[in-house]
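Using the sequences and the hints given, assemble the complete structure.
One letter stands for each residue in the lines below.
There are 2 protein chains.
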Amino acid sequence: MNHEIIVAGKPSLKYAKDGTAEYLKRLTRYGSYKLTHIKDGTSEDVSKRLFDASKGTVRIVMDERGATPTTQELVKLYNKWEMRGYKKVSFLIGASDGHTQQLRNEADFVLSLSSLTLMHELALLVLLEQVYRVATIKRGEPYHRD
Amino acid sequence: MNHEIIVAGKPSLKYAKDGTAEYLKRLTRYGSYKLTHIKDGTSEDVSKRLFDASKGTVRIVMDERGATPTTQELVKLYNKWEMRGYKKVSFLIGASDGHTQQLRNEADFVLSLSSLTLMHELALLVLLEQVYRVATIKRGEPYHRD
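Those protein sequences? They're chains A and B, same order as listed.
According to my numbering, the first sequence is numbered sequentially starting from 1.
According to my numbering, the second sequence is numbered sequentially starting from 1.
Worth double-checking, as some hints may not be accurate.
Note that the list lumps identical chains together, so a pair holds whenever it fits in one copy or between two copies.
Said to hold, decoys possible - The list that follows gives simulated cross-link-like pairs (lysine to any residue, SDA-like), each with its CA atoms no further than 20 Å apart:
id	residue 1	residue 2
1	Lys138	Met119
2	Lys14	Gln72
3	Lys34	Ser12
4	Lys10	Glu22
5	Lys88	Ile137
6	Lys88	Thr57
7	Lys25	Leu13
8	Lys138	Ser115
9	Lys14	Tyr143
10	Lys138	Thr117
11	Lys10	Leu77
12	Lys48	Lys80
13	Lys87	Arg139
14	Lys25	Met119
15	Lys10	Tyr143
16	Lys76	Thr117
17	Lys14	Leu24
18	Lys14	Arg26
19	Lys14	Lys25
20	Lys14	Arg133
21	Lys14	Asp52
22	Lys14	Gly98
23	Lys55	Lys76
24	Lys138	Gly85
25	Lys14	Phe109
26	Lys76	Ile137
27	Lys10	Asp52
No wet-lab data here; the hints were simulated from the structure.
This is the structure:
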């Protein structure tokens, strides 16, 4: 499957930018992973933009009110989508005040990265590390620590 | 309260080192926050070292099998400990194969940062951002994004 991570706003903290670049670089070995930034704004505006940008894909929406799977459960979910022949999955990270109910309804999966409130840019980092972890597990590789 | 974050092993990834330094620097404005690295090793060895290094403190043990509070619930927990006159709280991050049952039994709180398996160094980063977030909330400050 192809992957697109769509995020409202651009990272401003250096460590978060570096970490994001680090995982995107590693992921090039595992397939197609694209990071797209869309304009930040109100919950309504951002949810609308994320919805439009992810048409025709399996939508995984990051939201504190979502499900809390383990990494292995996430791998199973991936495998299920691949078996069904889905071509593209998108991960949507929204404005700090959350997604609209409408976008959550349109999601194929609502994923909570943590019960704790994470800074936007750190949430992106946690997501990317997880996407990378899933990719290594699916390929049967030991996790690369460095 | 004084804070000590005690971690098995040293971060090796640059972005994680930078992010860790970033939050420790910010936290200097909010009180005493110390990061201590102990030697990595087996679950038993590391749990023993963490236990010894945290004697006489309120122990918060990071473990995937722990509770999943919201940030506000974490703030309430903090306030409770302060009301009780506790002087020092320690956050314990262990080996990748987890803490021993014994250390978890000795914990005042077992905290799960995420249902997902996070790389050690990223877990430290998520914890530090959260400790920083709690500190800003307790002081009634808006969260500092940069």
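Comparing the hints with the structure gives:
no. : hint             : verdict
1   : Lys138 to Met119 : between (28 Å within a copy, 17 Å between copies)
2   : Lys14 to Gln72   : neither (31 Å within a copy, 27 Å between copies)
3   : Lys34 to Ser12   : within (19 Å within a copy, 26 Å between copies)
4   : Lys10 to Glu22   : both (16 Å within a copy, 19 Å between copies)
5   : Lys88 to Ile137  : within (19 Å within a copy, 39 Å between copies)
6   : Lys88 to Thr57   : within (5 Å within a copy, 49 Å between copies)
7   : Lys25 to Leu13   : both (18 Å within a copy, 14 Å between copies)
8   : Lys138 to Ser115 : between (26 Å within a copy, 19 Å between copies)
9   : Lys14 to Tyr143  : between (25 Å within a copy, 18 Å between copies)
10  : Lys138 to Thr117 : between (29 Å within a copy, 15 Å between copies)
11  : Lys10 to Leu77   : neither (28 Å within a copy, 33 Å between copies)
12  : Lys48 to Lys80   : neither (27 Å within a copy, 41 Å between copies)
13  : Lys87 to Arg139  : within (18 Å within a copy, 48 Å between copies)
14  : Lys25 to Met119  : between (22 Å within a copy, 17 Å between copies)
15  : Lys10 to Tyr143  : between (28 Å within a copy, 18 Å between copies)
16  : Lys76 to Thr117  : between (26 Å within a copy, 15 Å between copies)
17  : Lys14 to Leu24   : both (15 Å within a copy, 15 Å between copies)
18  : Lys14 to Arg26   : both (18 Å within a copy, 14 Å between copies)
19  : Lys14 to Lys25   : both (16 Å within a copy, 14 Å between copies)
20  : Lys14 to Arg133  : between (23 Å within a copy, 18 Å between copies)
21  : Lys14 to Asp52   : neither (29 Å within a copy, 35 Å between copies)
22  : Lys14 to Gly98   : neither (24 Å within a copy, 30 Å between copies)
23  : Lys55 to Lys76   : neither (23 Å within a copy, 41 Å between copies)
24  : Lys138 to Gly85  : within (16 Å within a copy, 49 Å between copies)
25  : Lys14 to Phe109  : neither (30 Å within a copy, 32 Å between copies)
26  : Lys76 to Ile137  : within (11 Å within a copy, 38 Å between copies)
27  : Lys10 to Asp52   : within (19 Å within a copy, 43 Å between copies)
Checked against the numbered hints listed earlier, the structure breaks hints 2, 11, 12, 21, 22, 23 and 25; every other hint is satisfied.
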